[in-house]
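**Student:** The primary structure of each chain is shown beneath.
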Amino acid sequence: MKEENIEDLRIHGHMVLSGGKYKTVKIHGRAVFQSDLISEVTKVHGETKIEGNIKSKIAKIFGSIDIKGDSDFKTIKVYGFCHSSLNINSDEIKVHGDLRSDGNVNCEIIDAYGKIKAKGNFNADKFYCIGEVKIEKELNADVLTIYNKGNSKVNLIGGSIINLKKFLPGGFHKIIHKLLLLDKWKRKLFYVDVIEGDEIYIEYTKAKVVRGKSITIGECCEVDYIEYYDVLNKNGKSIIKKELKIK
Amino acid sequence: MDKELISKKDLLELTGISYGQLYRWKRKGLIPESWFIKKSSYTGQETFFPKSDILQRIEKIKNLKDEVQLDELVNYFSNIPTSIEISVEEITKLNIISSYILKEFFKDEKIKLNFYDLLYLFIIDRKINDGDMNIEEARILYDILLKNHNEIINKNYEIIFIRKMGMPFIFIISSGSIFITENHLKVVFRIDIQKFVEELKLNIKEIL
Numbered sequence: 000m001k002e003e004n005i006e007d008l009r010i011h012g013h014m015v016l017s018g019g020k021y022k023t024v025k026i027h028g029r030a031v032f033q034s035d036l037i038s039e040v041t042k043v044h045g046e047t048k049i050e051g052n053i054k055s056k057i058a059k060i061f062g063s064i065d066i067k068g069d070s071d072f073k074t075i076k077v078y079g080f081c082h083s084s085l086n087i088n089s090d091e092i093k094v095h096g097d098l099r100s101d102g103n104v105n106c107e108i109i110d111a112y113g114k115i116k117a118k119g120n121f122n123a124d125k126f127y128c129i130g131e132v133k134i135e136k137e138l139n140a141d142v143l144t145i146y147n148k149g150n151s152k153v154n155l156i157g158g159s160i161i162n163l164k165k166f167l168p169g170g171f172h173k174i175i176h177k178l179l180l181l182d183k184w185k186r187k188l189f190y191v192d193v194i195e196g197d198e199i200y201i202e203y204t205k206a207k208v209v210r211g212k213s214i215t216i217g218e219c220c221e222v223d224y225i226e227y228y229d230v231l232n233k234n235g236k237s238i239i240k241k242e243l244k245i246k
Numbered sequence: 000m001d002k003e004l005i006s007k008k009d010l011l012e013l014t015g016i017s018y019g020q021l022y023r024w025k026r027k028g029l030i031p032e033s034w035f036i037k038k039s040s041y042t043g044q045e046t047f048f049p050k051s052d053i054l055q056r057i058e059k060i061k062n063l064k065d066e067v068q069l070d071e072l073v074n075y076f077s078n079i080p081t082s083i084e085i086s087v088e089e090i091t092k093l094n095i096i097s098s099y100i101l102k103e104f105f106k107d108e109k110i111k112l113n114f115y116d117l118l119y120l121f122i123i124d125r126k127i128n129d130g131d132m133n134i135e136e137a138r139i140l141y142d143i144l145l146k147n148h149n150e151i152i153n154k155n156y157e158i159i160f161i162r163k164m165g166m167p168f169i170f171i172i173s174s175g176s177i178f179i180t181e182n183h184l185k186v187v188f189r190i191d192i193q194k195f196v197e198e199l200k201l202n203i204k205e206i207l
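Chains as they are written, first to last, in numbering that gives the first Met the number 0: chain A, 0 to 246; chain B, 0 to 207.
By construction, these hints were calculated from the structure, which means they are not laboratory data. Watch out, some of these pointers could steer you wrong.
Claimed, not checked - Cross-link-like lysine to any residue pairs, in silico, SDA-like; alpha carbons within 20 Å at most: (1) K246(A) - S6(B); (2) K7(B) - K59(B); (3) K125(A) - K27(B); (4) K136(A) - E32(B).
Said to hold, decoys possible - Here are the simulated distance ranges between beta carbons: (5) K20(A) - I83(B): 26 to 32 Å; (6) K48(A) - S40(B): 41 to 47 Å; (7) I83(B) - D101(A): 35 to 41 Å.
In this text the structure is predicted, and so the values were computed from the model without any measurement. Just so it is clear, CB atoms sit at the ideal spot from N, CA and C, and this is done for glycine as well.
Taking the hints into account, I'd like the entire structure generated from these sequences.
**Tutor:** Set out below in structure tokens:
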């Protein structure tokens, strides 16, 4: 069988293409792909719009990418902005910026410093984020740690180990934070309807229902109802309206 | 007919699995998302499941998870067929379909069957051995399945086999649909094709 001759693509400036299959795609400037893009490596330094789907083993976005179709990666690193109108599937996701999906996001590991937004479900084996998380449906992860920096909001969080913590600034920011009493006047809360997990730790969280095996409620939480199997630890500064131990 | 439901709390208690396991299996696609039925209750949002389906599925996952990796298990429970080609001779050796059924349908032992040929024979074999239909009726069912193959592979369907005054009637309807008949009809069996897909995949897992 004749080997397919796949070439590299480099764009410097502004270009509109029909899409296609390439080995390496490097964009320095602005590019619009009018249909699907398939590549081994995609690097965007600038702005890219894909009217179809994208399938790329490695994608590095130093700028912004807007995908109208499904996104399929092995690894995607976003140092800027990434928006997909449909689903994002990737083994590994790294974000230093903003990742948004109007559909579902499925990955094994996500390491994020910034904003994560999904209109569908977000599924990950390991979910780690320092920043703001907004997921309209379900956030499902085996091990989940979020240091909340904004007003995060999730409908349902389910998993094995769940940690929702308040982000504590360090160094110079810590002094400013204390001097301006930002902690008191600009309190950032994590809003979630239901949390279900085996080991749960939450602080600065407002939840309707928390269900789990071992639950620790840290400072400044408001929980309507807690259902637990083994242990419930409570901080005095938190409000718990109702609790039930399952026998 | 509404299926009996079980709450998530009762399910965890009954099966001894944890929240983490349940969510992991959901994430991996071992438990279909459509089985998670959300209802509001006095304690907020509660999730319910079709009881018999979820209990059977969890039992299967628990039995298999020690011998097969979780990611491989997904293949057994998905309705996506595996691309296999297997000869009648090899099927006879596997002992998953009675040899006399194979001989009735395929005279040539060298002929290669794909996953769906095997599936339809698997269903027929089960129903003949259960005494629900005879070989002639089985041929009619096999023809219907083959003729509507393109439709069947894309959705979940059920087979309904009815008898009226000894005459057989076969219906293929989408899963979970309500089916009302007149009183004199006898519904001999109603089977979910998807369940046979899972069962067949488990039976041929050595060759997948």
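**Student:** Confirm or reject each hint.
**Tutor:** Hints, verified against the model:
1. Restraint check: the Cα-Cα separation between K246(A) and S6(B) comes to about 16 Å, which is no more than 20 Å; the hinted pair holds.
2. This hinted pair checks out: K7(B) and K59(B) have alpha carbons roughly 18 Å apart, not beyond 20 Å.
3. For the suggested pair K125(A) and K27(B), the alpha carbons sit about 13 Å apart, so the restraint of at most 20 Å is met.
4. Straight-line distance between C-alpha atoms of K136(A) and E32(B) comes to about 12 Å, which keeps the hinted pair within the 20 Å bound.
5. In this structure the hint that K20(A) and I83(B) lie 26 to 32 Å apart at CB holds, the actual value being about 29 Å.
6. For K48(A) and S40(B), the Cβ-Cβ distance of about 45 Å falls inside the hinted range of 41 to 47 Å, so the restraint holds.
7. Checked against the hint of 35 to 41 Å, the pair I83(B) and D101(A) passes, with Cβ atoms roughly 37 Å apart.
Of the numbered hints stated above, none is contradicted by the structure.
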